[in-house]
Amino acid sequence: MGKVKIKRKSTLIDMTAMSDVTVLLLTFFMLTSTFLQKEPVTVMTPSSVSEQKVPTANLASILVSPEGKVFISLAGDADAEMKDEWGTEAIRASVLKEAVKLYNQQNPSKAIQLSDADIATFSKINMFGVPFQVLHQFLSMSQTEQDKFISNMNDKAVGIPINDNKDMEHLNEFQIWMRAIYNSGNDNLQKAIKKGEGIAVKADKDTPYNTVHDVLDNLQTMKMNRFSIMTALKTEQD
Amino acid sequence: MAQIEQSDKGKKKKGAQKKMSIHVDFTPMVDMNMLLITFFMLCTTMIKSQTLTIALPSNEKIEQSEMNKAKESEAITLILATDRDANGNIKKDDSGRPMNTVYFYEGMPDVTDADGDGRLDNNKLQAEQFLGNDGKIQQGIRKILHDRNKKVLEKIEVEKAKWRNKEFAPGNSAANDSIYQARAREIRNDSTITRPIVIIKATPEASWESLISALDEMQINQISRYQIDNINQVDSAMIIDYLAKHPKK
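Line by line, the protein sequences give chains A and B.
First residue of the first sequence? That's 1 in the numbering used here, and the numbers climb one at a time after it.
First residue of the second sequence? That's 1001 in the numbering used here, and the numbers climb one at a time after it.
Hints listed in this document are in silico derivations from the structure and should not be mistaken for laboratory results.
Beta carbons: idealized from backbone N, C-alpha and C, even for Gly.
Some hints here could point you the wrong way.
As the list claims (entries may be wrong) - What follows is a list of derived Cβ distance ranges for each label pair:
| hint | chain 1 | residue 1 | chain 2 | residue 2 | range |
| --- | --- | --- | --- | --- | --- |
| 1 | B | P1028 | A | N163 | 53 to 61 angstroms |
| 2 | A | D155 | B | D1117 | 49 to 57 angstroms |
| 3 | B | P1028 | A | N225 | 53 to 61 angstroms |
| 4 | A | T235 | B | T1053 | 13 to 21 angstroms |
Construct the complete structure from the given sequences, taking the supplied hints into account.
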């Protein structure tokens, strides 16, 4: 009987192919991803059969927490570097300046001053929602402090005040922000608001109607009658 | 851990060049890539949320005489209400659906109480639920609205069949879609057909979800004329009366 020779094989596996695949996957995810934006409260939007997509550019979204606190998030033009357009950060800074100007006009006795550093910080924040009087204090905090501050729904200094909804001449703070957003200088955003695509209202599905109605009523007073509501998708069956 | 292996088995010739085979071990690279992929997968939002566009009337005061009046025979009013417990949490029924009730009445409200017993004499209010479809059959409030808008829906159904068979523009699905949409819009707004006018009202404690569901029913039932309005005393009186006559179990 001849000896059976057992060939010794190396246990090394060539990982090059595997590496290729993972790099491809990684590229795919990097290119398709839009990051989850930080929001002070997580809301479950109600579902609807409507299939319109949320615009990613030129959008002011209004978040209404179940407690009735209001937050606003702004997005400017999609590729601002390409043309002479308004990027998200530029639009936020412009809106802030405009809003502070309006606020000081309406409340000369309580006028507020913001430094350039405050404005720079503001343009980095995705979602804001504090009264004007607390704005400077809020913008001077570190990022973690800001997140902590704004997620405390029981604090009176959180959320944009929406009461005192009177008329076009006497704006409350929420209306000042909306007016500032409308007059931000970005024509595309203004056009989107006129068309009803520039404002999106986001509220939890369990939120009582009168809480959301307060916000809608404010918008109606501003004659911003057309807007969209953020929803999740469902089928006609349920 | 690039390995440079030398295949030498002791038979070396002097001066001969060494043969080297180069293996680069990619395992750490793969590890790192996998970590990055995991990170991106967890941070992305694949499901994009949808929007529903609505238009509300402006808040300006309008004289009674300038208001557009809805025809009584065409008007149907929906009043949304949600059952909540003492803490404000929404009650759920046995199948886990939130307890959203849709009260509705047709035409003008009637709150006469001639005999003075505290009960309305002819309360037209009825209650329904958002139940969706059971297979192809409409249920709950959808059935009511479907029946009221039957003529429009029947016409649209004919167009829909054509759209499915791509009859509008064979081989061009975008044109097919847009022609169908235009036709459907025409039918929805055709004033020669009897169509309902829906007035949607919500009680203060009604959930936001129920309002969206009501707006959804408008889309599903192809109702072009609807409006969101504020609830008034007559409506609340009718609900109170309804609940008094139909106590909840």
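Inset, instruction - Sort out which numbered hints this structure fails and list those numbers smallest first. - result: Nothing - there is no hint that the structure violates, so all of them hold.
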